[in-house]
Every structure is written in structure tokens, then in C-alpha cells.
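Assemble chain D onto chain V, guided by the hints.
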Amino acid sequence: MRKYLLFIVCLSAVALSATAQTYEEEKKQQKDSAIYQGTYLKLDLFNPVFEAARSKGGIQDYELCINVRLKQRFYPTLELGYAQAQDSADGGHYDGRGGFLRAGLDFNGLRKHPESPHALLVGLRIGTSYQGYNLTGVIQNSSYWEMPPVDYTHLRHADAWGEVVIGCQVQIAKGFHMGWDARFKLLFTRNDKNGGPLPYYIPGYGYRSDTNWGFHYYIGWKF
Amino acid sequence: MRKAPYILLLAALTAMACTPETTCHVSTESRMRVGIVGDTLDLEGKIVNYALDSLTIVGVGQDSILFDNIKLTKSYNMPLRPDQEEAAFAICYHNYWDTLKVTYTNHRRFISLACGESTAYTLKTADVTPHGWVDSVCIVSTDIDITPKENIVLYIHGY
Chain V
1 MRKYLLFIVC LSAVALSATA QTYEEEKKQQ KDSAIYQGTY LKLDLFNPVF EAARSKGGIQ
61 DYELCINVRL KQRFYPTLEL GYAQAQDSAD GGHYDGRGGF LRAGLDFNGL RKHPESPHAL
121 LVGLRIGTSY QGYNLTGVIQ NSSYWEMPPV DYTHLRHADA WGEVVIGCQV QIAKGFHMGW
181 DARFKLLFTR NDKNGGPLPY YIPGYGYRSD TNWGFHYYIG WKF
Chain D
1 MRKAPYILLL AALTAMACTP ETTCHVSTES RMRVGIVGDT LDLEGKIVNY ALDSLTIVGV
61 GQDSILFDNI KLTKSYNMPL RPDQEEAAFA ICYHNYWDTL KVTYTNHRRF ISLACGESTA
121 YTLKTADVTP HGWVDSVCIV STDIDITPKE NIVLYIHGY
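Those protein sequence lines, which keep their order, are chains V and D.
Take 1 as the starting number for the first sequence in the working numbering and just add one per residue.
Take 1 as the starting number for the second sequence in the working numbering and just add one per residue.
This is chain V alone, in the form it adopts within the complex:
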């Protein structure tokens, strides 16, 4: 009989322990499954250095990113930036500057530990930019007729494009993050309705081309 009572007590203790553990897990899961789980502000370090080095100072590109973590998995993202480009060749000169905005959604691909502060991100973006630019001394190609170079000044142009993004962000210290991403970009605005010369460089997209690649290296802070 004593043995039987002891068995019941032990079983109850195990059951209580298990219940307490389940409760803790549920509490943790509840916390982790809260809809809003923090805002990240990130600054791109790669493009200001890389573009300046590649273009010998002709291109400056600055970019901030804000994303919000929702339900461990989803990161709605907003990216804002400014770029200016100057270039010269064969007597022609280009000077353009403008702002850009990208909006999109990243998905955290970490399956086993979505509650981790680190994230493997895959996402999509829609980007748009608006810029003013001048093109002066543009060669008109004619081997026979005498054509003086032409100037186009005070031009304005808006562009739009889509991006597929893959990257990661890692917590280095409490609240402090680092990360990178690589992007494939597809330009939607390939022609100008008015037939005028299009901008040479698109802020937030890069050199005008139907497709493009991008890379970012971020440092960031979680609020």
C-alpha cells in the first residue's frame, strides 16, 4: 500500500513538473508568437564605399532600411536612399541626383529556430526613384552631316523596378545587428514615352540596364 502511495506521489510530481514545463513553453511561445516583435533600423555600409571606389568618386549612394519583425517569420521592409552620379566621356557630361524608395516583404527561412534573433531572409521588393539630371555635350552620330553636340538640361525622370532578395541578419550583441543581402533587379521602365534621353544611372537600381545586381552590408539596431 505504501509503495502504491509513493508511486502516485511520484507520478503526480512528474505530471506537475510536466504541466509547469508545458505552461512555460506556452508562455514562451505566446511571447514569441506576438504579432509585433521589434523594429530594426539598418544602415548600408557597402554601397557608399563600393560605388565611390568603382566610379572614382563619381557616384555616391546612401541608404537606410527599416524593417519590422512580425510573428517570428515576416519582415515588412522599407528602404530609403539618395544617390548622385556624375560622369564624363568624349566631351559629354552627365550629372544626375535623386531619391529612391523600396518597399517589400522578407520571410525568415530559419525553420528549426524561428524564435532566434538571427534570420535568414528571402523576399521581394518594389522600388521606385525620381531624379533630376543634365546631359551636356552629347554626340549626335553622323559621319557626313555636321552635327554639333546637344545639351539636355533640367530633365526629370521616374523609374520603377522589382527585386528578389536573399540575405541574413545576425545579432552580434543585444540589440546590435549585422547582415548582408544580394539582389537581382528587373527594370520595368525601359523606355521613355517622350523619346528623350534616359538617365544614365538610376538611384537605388544602379547603371541603367534591363537587369542588374545589388549587394548590401548592413549594421543595424533593434528597437
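Everything labelled a hint here was simulated from the structure, so no lab data went into it.
Nothing here was measured: the structure is a model prediction, and the numbers come from that model.
Do not take every clue at face value.
[Unchecked claim] Facing chain V, according to a computed beta carbon distance under 10 Å, are these residues of chain D, among others:
id: 1; residue: T28
id: 2; residue: P79
id: 3; residue: R81
id: 4; residue: D83
id: 5; residue: R109
id: 6; residue: F110
id: 7; residue: A114
id: 8; residue: C115
We treat Cβ as the ideally placed atom computed from N, Cα and C, and that holds for glycine.
What follows is chain D alone, placed relative to chain V:
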């Protein structure tokens, strides 16, 4: 880690490949191709082939000669004015002068600083003065771009 330098080198080469060139390596000038058909029929219905041996072409308004006393080839590539929507060419054969006048719309496209602009054209009309050695003119293709194709055919008289 051993692969890291190669990856960095590949990334640098890719970035360099994306940088615009400072010299132009592409063809940018569109030319109107004009064919001259010298075959005609005599009174008996036989084909007579005329060999043009001293053709000279000058752009109206230009001092320089575009083609100077050249022998007949199947066609001539004539550059149009990118800044206007009409151009005229004086064509001389054995001291007989005819003027070919064309009107067109131009479609300018900026390529790069090094290459400048490339202009494509759409032919609207082609006329020739009726008192020379050219009998008639016919537009074959209205699109003029850097891809060569015959746009106009000049049919010539027999003498």
C-alpha cells in the same frame, strides 16, 4: 576559406563588367540604303542593263561630297540628318543632276556618354526631280536603323 580570394576576384570582375565603358564599340549611325535599278526594257522588250560608272552624290547644304565618281554598286548607304526631319541628296550621273528628297520622323536614343545618341528613322515620303536620269522612286522599307536593309529603290531611264 581558400576560395575566398577567388570569390572576391570574381565579384570585382563582375563589378567592373557592370561599369560603363569610356570608349564606344557599337555602331550608332543609321543609314538609308538606296538601291539603283538600271535594268529596263527596250522597244523590243529585251532587258537592257545600264552600268553607272561615275555616280556622284552630295548632300544638299553640305560642301563635302558623299560619294565621288564611284562605279555602280547594288546600293548606297546615305546618312540622314538627325537634327531635322528631311534631307536632300543631289545625284549626278554623266553631268545629269537629279535631287532625291526624303522626309522622315526621327527617333533619338541616348546610348552612353561615349557613344552619344543613335537615331533611328521612319521614312514618310521620297521624291525625285522629274527632269534627270532617274525615272521614279519607290519606298521599299520605311524603317531605318543600324541594321542595313534596302529602304528606297531608284529606277533609272535608258538614254
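Status of each hint after checking the structure:
Interface restraint check for T28 (chain D): the shortest CB-CB distance to chain V comes to about 4 Å, inside 10 Å, so the restraint holds. Hint status for P79 (chain D) relative to chain V: holds, with the closest Cβ pair at about 5 Å, below 10 Å. A distance limit of 10 Å between C-beta atoms decides the matter here; for R81 (chain D) the minimum to chain V is near 5 Å, and the interface restraint holds. Hint on D83 (chain D) holds. Least Cβ distance to chain V is approximately 6 Å, under the 10 Å limit.
For the restraint placing R109 (chain D) at the interface with chain V, the shortest Cβ-Cβ distance is roughly 8 Å, inside the 10 Å limit, so the hint holds. Annotation: interface hint on F110 (chain D) holds; nearest CB of chain V at approximately 3 Å, less than 10 Å. The criterion of a C-beta within 10 Å of any C-beta in chain V is met by A114 (chain D), whose closest approach is roughly 4 Å, and the hint holds. Hint status for C115 (chain D): holds, given a least beta-carbon distance of 7 Å to chain V, under 10 Å.
In the structure shown, no violation is registered for any of the earlier numbered hints.
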